[in-house]
Each structure stands twice: as structure tokens, then as C-alpha cells.
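Under my numbering, think of the first position of the sequence shown as 610, with each following residue one higher.
Please keep in mind that the hints were generated in silico from the structure rather than gathered at the bench. Heads up, some of the hints might be wrong.
Estimated spans, in silico, between C-beta atoms of each pair [what the hints assert, rightly or not]: (1) Arg-656 / Pro-632: 23 to 31 Å; (2) Glu-660 / Leu-689: 15 to 23 Å; (3) Asp-679 / Gly-647: 14 to 22 Å.
Below, in silico cross-link-like pairs of lysine-lysine (BS3-like), each with a Cα-Cα straight-line distance of 25 Å or less [to be verified]: (4) Lys-620 / Lys-682; (5) Lys-620 / Lys-648; (6) Lys-648 / Lys-682; (7) Lys-620 / Lys-657.
The beta carbon of each residue, even a glycine, is placed where N, CA and C say it ideally should be.
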Amino acid sequence: MTIMNDSHGEKRLYIGIVVDCHPDEPNYVYLIYVYVLGKVFIGHTCRKIRESSIRVVDNDIVLIELRRYDQTKGRIVERLDNSSSDKSGDDPYKDPFFDKPWGSPSPYPDDDDPDTGNGLLLLI
610 MTIMNDSHGE
620 KRLYIGIVVD
630 CHPDEPNYVY
640 LIYVYVLGKV
650 FIGHTCRKIR
660 ESSIRVVDND
670 IVLIELRRYD
680 QTKGRIVERL
690 DNSSSDKSGD
700 DPYKDPFFDK
710 PWGSPSPYPD
720 DDDPDTGNGL
730 LLLI
């Protein structure tokens with residue numbers, strides 16, 4: 610989380626991953642997963658991104674500013690560079706939504722693992 614101060618108060622910026630895109634709305638509406646908070650937020654692009662014709666698609670890494678009063682919604686203020694500096698052996702089609710630094714190599718739990726119960730994976 611990054612906190613920036615401006616004349617209107619402080620802004621809370623988070624790095625998130627675009628999970629889903631809904632182009633049927635008047636303005637594109639995105640579902641963004643913020644890993645630090647462990648939640649999915651509704652977001653839209655800011656005016657600067659819309660006027661610059663910057664495309665935001667699924668699995669893009671973005672910088673989202675959450676609203677001060679309604680913490681379930683926010684706006685995308687920047688699309689971050691998705692290419693990593695270390696390209697040695699990385700799979701470009703790997704899903705970053707399930708990447709966990711401490712997690713198992715597979716995002717799917719084992720059926721006989723006592724920590725996961727009956728093998729269901731529940732993301733809230």
C-alpha cells in the first residue's frame with residue numbers, strides 16, 4: 610500500500626490484478642483483486658487513461674486508488690508494466706492471481722490435505 614498526500618487529503622493506492630472486465634457498461638468496469646487486502650474491488654479507469662487510449666485487459670497489473678468513503682470501489686490510476694526484469698524461464702501464461710510466495714506449487718489443494726478440509730478452494 611502506498612499513501613500519497615495531496616490538497617484533498619490522503620490517497621491510498623494499492624497494486625492489484627484485473628480479474629474480469631465488463632465492456633457492456635457505459636464505461637468499462639473491472640474486477641480487481643488486491644492481494645494485500647485479499648479482496649476483489651470494482652474499479653473503473655481514470656480520465657487520463659481513457660483519453661490516452663490505454664487498454665486494460667484481464668491479468669494486467671494496475672495501481673488502484675480506493676474511494677475514501679466507499680472502500681469497495683475505486684479507480685485505476687495507472688497500468689503497471691507486466692513484464693518482469695528477470696525473464697529466465699518464466700512462463701508468460703502463468704496466472705498471477707494464484708502466485709503466492711509461500712504457497713504450494715499448485716493453486717489447487719490436495720484432497721487428503723487436512724488444512725483444506727474436503728479439497729474445496731474458497732476465495733473470499
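For each hint, the structure was consulted:
Checked against the hint of 23 to 31 Å, the pair Arg-656 and Pro-632 fails, with Cβ atoms roughly 18 Å apart. In this structure, Glu-660 and Leu-689 meet the distance hint of 15 to 23 Å, their C-beta atoms being roughly 19 Å apart. Take Asp-679 and Gly-647: their Cβ atoms lie about 18 Å apart, and the range 14 to 22 Å holds. The hinted pair formed by Lys-620 and Lys-682 meets the criterion: a straight-line CA distance of about 13 Å does not exceed 25 Å.
The straight-line distance between the Cα atoms of Lys-620 and Lys-648 is roughly 18 Å, inside the 25 Å bound, and the hint therefore holds. At roughly 11 Å between alpha-carbon atoms, Lys-648 and Lys-682 fall within 25 Å of each other, so this suggested pair holds. Among the hinted pairs, Lys-620 with Lys-657 is consistent with the structure: their alpha-carbon atoms are about 17 Å apart, no more than 25 Å.
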